[in-house]
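Please arrange chain L on chain Y, whose structure you already have, making use of the hints.
There are 2 protein chains.
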Amino acid sequence: MDRALALAALGAGTTSPNPMVGALVLDQDGQLVGEGYHCRAGEPHAEVMALAQASGRARGGSLVVTLEPCCHQGRTPPCCDAVLAAGVARVVVAMADPDPRVAGGGIARLRDAGLEVVVGVAEPEAARLNQAFVHRVRSGRSWGLLKWAMSLDGRTALPNGESQWISGPMARQWVHRLRGRCDAVIVGGGTLRADDPLLTSRGARTPEPLRVVFSRSLDLPLAAKIFQDDSTAATLVAHGPQASRAAQERLDRLGIERLELSQCTPLGLLEGLAARGCNQVLWECGPTLAAAAVRQGCVQQVAAVIAPTLLGGEPARTPLGPLNLTRLAQAPQLTSLGWQRLGPDLLWLHGLDLGSAIGP
Amino acid sequence: MDRALALAALGAGTTSPNPMVGALVLDQDGQLVGEGYHCRAGEPHAEVMALAQASGRARGGSLVVTLEPCCHQGRTPPCCDAVLAAGVARVVVAMADPDPRVAGGGIARLRDAGLEVVVGVAEPEAARLNQAFVHRVRSGRSWGLLKWAMSLDGRTALPNGESQWISGPMARQWVHRLRGRCDAVIVGGGTLRADDPLLTSRGARTPEPLRVVFSRSLDLPLAAKIFQDDSTAATLVAHGPQASRAAQERLDRLGIERLELSQCTPLGLLEGLAARGCNQVLWECGPTLAAAAVRQGCVQQVAAVIAPTLLGGEPARTPLGPLNLTRLAQAPQLTSLGWQRLGPDLLWLHGLDLGSAIGP
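Chains as they are written, first to last, in my numbering: chain Y, 4 to 363; chain L, 4 to 363.
Okay, chain Y solo, but in the shape it has when bound (with noise of 0.2 Å):
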């Protein structure tokens, strides 16, 4: 199962809306006879792939996969139908797939037909790899990432607003590996106004990250970055329903897609980027909106990049904004997930529960 996980992580970021997933086949020997990962959307899926390789040696032999196999027709047919048709004995599967398409439905119909299926093993692995496509379809909101470069005394620009570079060449191609993991990126208006990001991976993930702007007012910088180059990668603009109709259709001419969210706030902002398949998301924005974020339990991670300089100054911004705490015993634990060193700067990471949502 190890190998069917390392198999899994190969998609990382190109799975979406799917999770990724990893498989093995043993012939009746226990010799590995074949081996897939799920790329990308719409292509073939890990068992169907492994089975292939496999072919006729799979006959009597056994499957190891990362997550259930599926039992609906989608853009693939179901792999149900392949385990079947390729005559295996025994499944061995991690975790039960959280999709309500599948949801178990998968494993009843192995059994059914008499294979041996065994299933929970590595399953704390296997939920932590697709922790974000679990997130997602339980709760119908894309899960959440917010970065942030801070100075040792927690400044994320000088008081003139100077922010570019707090952190080393080391910590920004971190970060760009990072948005090759993810499905989106987002970013207010102010982000943009302030550095005028482009916001790709780099190379990192083919397609780059769809790049989003949550804007109330559309009172954006058109000459920004990402409005420019929409050749490598697509920019989204989403705004609530109080977005003047001006300043939508100026959007509109420039053929720039925007999103209408009923809510625009946060959540409603990650169930339309769900809705679209995003399971993963990373927050890169002011301390605005990085509050607001956290209040309303749209952030499951927290990473921060520490640079060893000072830049002082009351005035000079930070990471968040306000989050409303009257009582220290209100303030959200973070679980630390371990932390490494980027050049000088120091990244460390962190887990924040869902139930550590605030208010709006």
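It cannot be assumed that every hint is accurate.
Unchecked claim - Computed list of chain L residues with no C-beta within reach of chain Y, every gap over 10 Å:
hint, residue
1, 31
2, 165
3, 238
4, 245
5, 271
6, 324
To be verified - Computed spacing ranges between beta-carbons, pair by pair:
hint, chain 1, residue 1, chain 2, residue 2, range
7, L, 173, Y, 340, 31 to 41 Å
8, L, 134, Y, 196, 44 to 54 Å
9, Y, 128, L, 205, 40 to 50 Å
10, L, 206, Y, 318, 38 to 48 Å
11, Y, 219, L, 253, 48 to 58 Å
Since the hints were made in silico from the structure, they are not lab data.
Glycine included, each C-beta is placed from N, C-alpha and C at the ideal position.
Frame of chain Y, contents of chain L only:
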């Protein structure tokens, strides 16, 4: 020399204004026959302790010592006399004593007497061990360490001022041990009003470090714990010439010791504390005084304790007030000296060059 340095370190926190010194005596055959370290100003020096333990076996042997033996009469007689009287043939010294009363004079005296003197063995380690002493002797100012505890988003309090406790019990115990290695702990009037801290090492150091309140206005909460409890630790109020006579007299009536500085600045304070024999001081102050200390080059190390929580809020207190930077390239660069976990918290320690002084 490694063993001599380890012996020297046993004096950490209690030798000021003297340096930490460790010494070994080897007999003619290279056998260890004596060792000692300097424990407290006014008590025997390391060389004298080690030679006394070695007694007659020192004759013709070697003395290994982390700092040049002194050649002047202080509270104890010159160590050079004891070295010569013991009849050792060879002296191995890690580094010359920067104290202008010694400054190579001890080495010269031993060489003049015909002893073989080797200087510079493990010199970087010896200089690091006594960095505070060396800094004070060379600059005439105490060596400063600035410490703060903040949330992952760089806050040292909630917007409403609540700050106890952001870090966990292990981090707070570490702070007590840190105070135990310092000669003085400095706060401003604001910290006194906000936190009413005790500022002791909780017994890690005897005597407790001097508690210093730095106050321009002398508008101080006289009911604060550090003024009420003078049995565990001494308290000193440092102020400038512009403090009102009435406020000064109020302190005098309460028997609270004052230090009137000609310059009411961090620099003036560290000169005053150096003159009182403080080698190493700990800045435990709020953002305004901390930033002033950084700007004036009064901070040689920064210890940031980062707690895995989020506090948010633009008006919430941050570690550092204005550094008056207008470009990121002006920001002081720190040198990572290592990190450690303190329970759930992370301590990241940095060095800051004296050359990084920015201005008043």
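Each hint tested on the structure:
1. The claim that residue 31(L) is not at the interface with chain Y holds, since no C-beta of that chain comes within 10 Å of its own (minimum 50 Å).
2. Separation of residue 165(L) from chain Y is inadequate, the least Cβ-Cβ distance of about 5 Å not exceeding the 10 Å criterion.
3. Listed as a non-interface residue, residue 238(L) keeps its Cβ farther than 10 Å from every Cβ of chain Y; the least gap is roughly 28 Å.
4. The Cβ of residue 245(L) lies farther than 10 Å from every Cβ of chain Y, with a closest approach of about 25 Å, so its non-interface assignment holds.
5. Residue 271(L), annotated as away from the interface, keeps every beta carbon of chain Y farther than 10 Å; the closest lies near 21 Å.
6. With a closest Cβ-Cβ approach of about 6 Å to chain Y, residue 324(L) is found to fall inside the 10 Å limit, against its non-interface label.
7. Judged by the Cβ atoms, the range 31 to 41 Å given for residue 173(L) and residue 340(Y) is violated: they are separated by roughly 20 Å.
8. Restraint check, residue 134(L) to residue 196(Y): a C-beta distance of roughly 46 Å satisfies the suggested window 44 to 54 Å.
9. Taken as a hint, the range 40 to 50 Å holds for the pair residue 128(Y) and residue 205(L), whose Cβ atoms sit roughly 44 Å apart.
10. A C-beta distance of roughly 42 Å is found between residue 206(L) and residue 318(Y), which places it inside the suggested range of 38 to 48 Å.
11. Distance hint check for residue 219(Y) and residue 253(L): the Cβ-Cβ separation is about 55 Å, which falls inside the suggested range of 48 to 58 Å.
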